[in-house]
Amino acid sequence: MNSFLPLTHEAIKRFMLSHLPPYSLRKRLKPATAVLVAALLLSSSSCTQDKEAHSASLPATTEKYELPAKATDGTATASADTLAPQSPTVASTPAAAPEAPTVYPGPEPLPGAILPHKRILAYYGNPLSKRMGILGEYPVEEMLNRLDEEVANWTKADSLTPVQPALHAIVVTAQGHPGRGDKYRLRMTDKMIEDVLEMARQRDAIVFLDVQVGRSTLPEELPRLTQFLKLPNVHLGIDAEFAMKEGEVPGKKIGSFDAEDINYATGLLADITKEYNLPPKLLIVHRFTQRMIQNYQDIKLRPEVQVVMHMDGWGPPALKKDTYRRFIAKEPVQFTGFKVFYKNDTRNNSRLMTPEEILKLNPKPLYIQYQ
Numbered sequence: 001m002n003s004f005l006p007l008t009h010e011a012i013k014r015f016m017l018s019h020l021p022p023y024s025l026r027k028r029l030k031p032a033t034a035v036l037v038a039a040l041l042l043s044s045s046s047c048t049q050d051k052e053a054h055s056a057s058l059p060a061t062t063e064k065y066e067l068p069a070k071a072t073d074g075t076a077t078a079s080a081d082t083l084a085p086q087s088p089t090v091a092s093t094p095a096a097a098p099e100a101p102t103v104y105p106g107p108e109p110l111p112g113a114i115l116p117h118k119r120i121l122a123y124y125g126n127p128l129s130k131r132m133g134i135l136g137e138y139p140v141e142e143m144l145n146r147l148d149e150e151v152a153n154w155t156k157a158d159s160l161t162p163v164q165p166a167l168h169a170i171v172v173t174a175q176g177h178p179g180r181g182d183k184y185r186l187r188m189t190d191k192m193i194e195d196v197l198e199m200a201r202q203r204d205a206i207v208f209l210d211v212q213v214g215r216s217t218l219p220e221e222l223p224r225l226t227q228f229l230k231l232p233n234v235h236l237g238i239d240a241e242f243a244m245k246e247g248e249v250p251g252k253k254i255g256s257f258d259a260e261d262i263n264y265a266t267g268l269l270a271d272i273t274k275e276y277n278l279p280p281k282l283l284i285v286h287r288f289t290q291r292m293i294q295n296y297q298d299i300k301l302r303p304e305v306q307v308v309m310h311m312d313g314w315g316p317p318a319l320k321k322d323t324y325r326r327f328i329a330k331e332p333v334q335f336t337g338f339k340v341f342y343k344n345d346t347r348n349n350s351r352l353m354t355p356e357e358i359l360k361l362n363p364k365p366l367y368i369q370y371q
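If you're matching positions, the sequence shown starts at 1 in UniProt numbering and goes up one per residue.
Errors might be hidden in some of the hints.
Stated by the list, open to error - The calculated lysine to aspartate or glutamate pairs, modelled on DMTMM-like cross-linking and capped at a C-alpha distance of 20 Å, are:
{"#": "1", "residue 1": "Lys-191", "residue 2": "Glu-149"}
{"#": "2", "residue 1": "Lys-300", "residue 2": "Glu-108"}
{"#": "3", "residue 1": "Lys-230", "residue 2": "Asp-204"}
{"#": "4", "residue 1": "Lys-321", "residue 2": "Glu-275"}
In short, the hints are calculated from the structure, not lab data. Quick caveat, the model's predicted, so the values are computed rather than measured.
Put together the whole structure using the sequences plus the hints.
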């Protein structure tokens, strides 16, 4: 077992309730011409997002999968890894067609793949903290009932795409202090993860385990989660905001992942799917600034893993749409995600974006997260 983990589930719960800062609650988007600021409840300080600097696009050989007009199960035989594309494409269709079929980068989905046949609707947070997201903000039954309501809203907005409910739990949380091992991260207990799995079973939901590495690394943090990732309904999320590569303190500066980091994660997930004969895994990659993801064009797309680049910033609708366009749609990898903040998106007399508004984004997000 890991020597840095608190001895008991109750000990970590007491720590969470009294000390753990709600990192992801205060990420703030700024206009395109300004410095982006992410205000975090972390040691009473705020972190400043880098000014965006668009890098030159590099050519990459890509493979693409076109979603059929009518949803069918994929039966792919593709085996070679491909590289992420540089722009989304839409197949040409007759003028009378209401909407052109979307072409998704990468190999055709293997049997059992969730995307693009469904849209995932996830509740995000940590069950030990009321301040990190809706997953822990309400009693379990009330939280699940609210999830049901959002699933119904999205089903109404897009009746042609089935909605897959999900719980997205932060299982490694970045910290503002070194802690044991000087890693600036806190690992949750197996008991907490098991509790989330039990919640998910009540709604036939899938589960995402989210990792904020701090000064640790993905190779240090992910292998210990294999016992859960080998389950067919458990997937992975990695948060670049809290990946501190140069000795910074989480919350003082926005972190980053390189394509090499993401390729490590997809490689691990691919190995797990092959070893345990599982359907494809999902990898959610958080992003809301230019520098958070480096060398996106070198991200490998593997048949066993579906990659979602997830817009993880808050603000008024116009700003969120602009961030999605600049950092997700403009630098695509495979599939896309979009986050809605129940509280932060309504600050300064703003409002939540509706499912109908989000569905007008191009490409349409297939992973929707509520915090």
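Now the hints, each set against the structure:
With a C-alpha separation of about 28 Å, the suggested pairing of Lys-191 with Glu-149 is violated against the 20 Å cut-off. For the hint pairing Lys-300 with Glu-108, the CA-to-CA distance comes to about 14 Å; that is within 20 Å, so the pair holds. At most 20 Å may separate the alpha-carbon atoms for a hinted pair to count; Lys-230 and Asp-204 meet this at roughly 17 Å. Taking the CA atoms of Lys-321 and Glu-275, the gap is about 40 Å. The hint is violated against a cut of 20 Å.
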